[in-house]
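Undergrad: Sequence:
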Amino acid sequence: MSYRYMIPISVGLLLLLTGFRPDSLPFQPQSLFSDAVVTHWPNAHFTRRVVLEEHRFPVWRETIMAGQPFAANPLNKTAYPPQWLVILLPPALHLNVMITIHLLLAGWGMVRWAQSLGLRREAVLLSAVAYILAPRIVAHLSAGHLDIIYAMAWWPWLMLMARRALIQERHTLFNMTCLGLSAGLLFLADVRVSLFAFGAAGVYIFIHLSNIGEWRRLARFAIPLILLILLTISLTLPLLSWREYTNRGDLRVDEAGTLALEPLHLLGLILPAHEGSVETLTYLGLPVMVLGVIGIASMRVRYRWLSIVAAIFIFMYALGGNGVLWPVLADNLAFLRWFRVPSRIWLIPTLLVPILAGHGLQQVLVWGDAVREKQVLPALKRVRLLIAATMLVVIITGIFALSFLPLPASTGLSALVNGTMLAAILLSALAGRLSSRHVVWLIMGIIFLDLMWTGTHWLEWRGKDVWLEPYRVLAERLVEDEPHRIYSPAYSLQQQVAEEYDLQLFGGVDPFQLTGIVDAIEQGSGVPITVYSPVVPPLNVVDENNLNLANRDATINTQTLAQWDVSHIVAPYTIDHERLQLLDTVNSVLIYRNLDYDMTAVSREHVPNWPEDWPRLPDVETVQSLNRMMTIVTIISFVIFAFTVIYLARETYQRHVYQ
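Heads up: the sequence shown runs through residues 4 to 662, numbered per my numbering.
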């Protein structure tokens, strides 16, 4: 089947089988929350509202965290050009169009990269499908980590452009510009993923240059590096300017190493997790991984050892504080703490294993053709024996999981079925009993079914009737009382609701946090904040189903809240405080008025709307200066982006015309 059909069919089936609707957003089936709803939908809604209704650049936002920079926050994507599609589309539809486009872009990028490596058509198609349906990508989508999906779409293009820049002597400026553009878009899509993407590309460039010994070619990369800097100053410069006021740079090693892998997670390579934390999901697709190992085995000895060393490094890094490598690196390289979550290095095998699986399929087809042509291959007996032994281990593991482990039956069943079918296909192929065409279709079929089966366990879609409409009455009741800021200790008023009704929250969910505001929330809420948390104040509950108990025993400081213009408190439980007046109860949520806040007082209208001289926060003039700088560098960055695209389009057109 042609790439032009198989890639959109794969994306379309994934969306269809998981219940996609244009006005819905992705969720994990077992989760109450999704970053797509809590973060990305409000961000898109705010950007659209501010530009179309207030006719200004969205540089600052008051609706969460008691007011904070909006454009300087990497999560809000104002520096990422495709994000501005939101001006044309409603927020939910915009996000779904972005998801679809980036999944297609990821597949097509993998096709182009695999083709450049000399893979045959069937292997190219396998690599592309295995990538866009990769369990880690689908799981990040289900958690609403849309920025990771965007960045993963650009990663194959980055590797392709790095390869072109290394091997092509013609069109050097064009290739270097393409490399700089793909690197810039990946960085703007997700700064955290860029750590691993740029690291992988850097290692690839180093290995290639060491092979050919032409280190002078390294000078070429000054062009994409300069372009990368210019394209991303709309994000890097504001981030650096705000750095002294944020708490992200002060993370301890143990705080930054959160959600790390544990050694037992290696079992997830065989037994696919169908629920749990996205960050500790290690399953790559059993058939994909087996073919990837065959792909490594078909390489030269040097590259085999390099692959083994890389795999060990990735796993040791992903262990975070559960291992020895991450603490040493994070202690000596402080910038690593800013990126947090060391298990995200697993995104590297998420990218590389599909391309290795393409090599593996190609090698299986070569061996099969050789057997049918009666060629003698002494090593083939060992290969068959290893495959049989490996699949036997997989089958036994699946049976053991079904019989004894406290895991969903689907997990053990997947290993059992995959092991049995893959053993039959590979051993038959290597015995010459299947034609190449049959081998391709059978292997593609088992990979497609395995990845789709895993994906449907991780992903579902929910509409506004689930994440917005149930809170309408509460929001409308609050709007009636004309609140200034609202404090919600148990997250009874969610961020998407606050954005829809233009309500301002004292606290919220955002990894970008100003230290002074975190201190103020700690004082006002009475909730101790001893470790970094994207949720402020932290909810301190093990199970999100127990949110109605979150921070119930905390003692609220109504005077501090009044200083920060907090006029109302909403909670799913009774708060016994003499300075809180119960106003109403809506859908089991109690609305309190803060008696220490003067409802008749004239509120501060300037940005930022903070108490004067609050410790560890910039003053009004500094904030306004930073906001002006943010607007200017965004304009500069977008002008450079426009000229870059125009140059590449013109060069591409001329090359087609004169060929």
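Hints are computed from structural coordinates only; laboratory data are not their basis.
Don't take each hint at face value.
Okay, the calculated beta carbon distance ranges per label pair [claimed, not checked]:
hint, residue 1, residue 2, range
1, S406, S34, 22 to 32 Å
2, A382, I170, 43 to 53 Å
3, G216, P93, 49 to 59 Å
4, L552, Q33, 15 to 25 Å
5, S439, D468, 46 to 56 Å
6, L55, D484, 51 to 61 Å
7, R24, I210, 42 to 52 Å
This structure is a prediction, so every number in the text was calculated from the model and none was measured.
Think of the CB as a built atom: it goes at the ideal place given N, C-alpha and C, for glycine as much as any other residue.
Undergrad: Each hint should be assessed against the structure and marked as holding or not.
TA: Hints versus structure:
1. Judged by the Cβ atoms, the range 22 to 32 Å given for S406 and S34 holds: they are separated by roughly 29 Å.
2. At roughly 30 Å, the beta-carbon separation of A382 and I170 lies outside the given 43 to 53 Å, and the hint is violated.
3. With their beta carbons about 55 Å apart, G216 and P93 fall inside the hinted range of 49 to 59 Å.
4. The hinted window of 15 to 25 Å between L552 and Q33 holds, with their beta carbons roughly 19 Å apart.
5. A hinted range of 46 to 56 Å for the beta carbons of S439 and D468 is consistent with their spacing of about 50 Å.
6. The given range of 51 to 61 Å is broken by L55 and D484, whose C-beta atoms sit roughly 28 Å from each other.
7. Between R24 and I210 the C-beta distance comes to about 45 Å, which sits within the given range of 42 to 52 Å.
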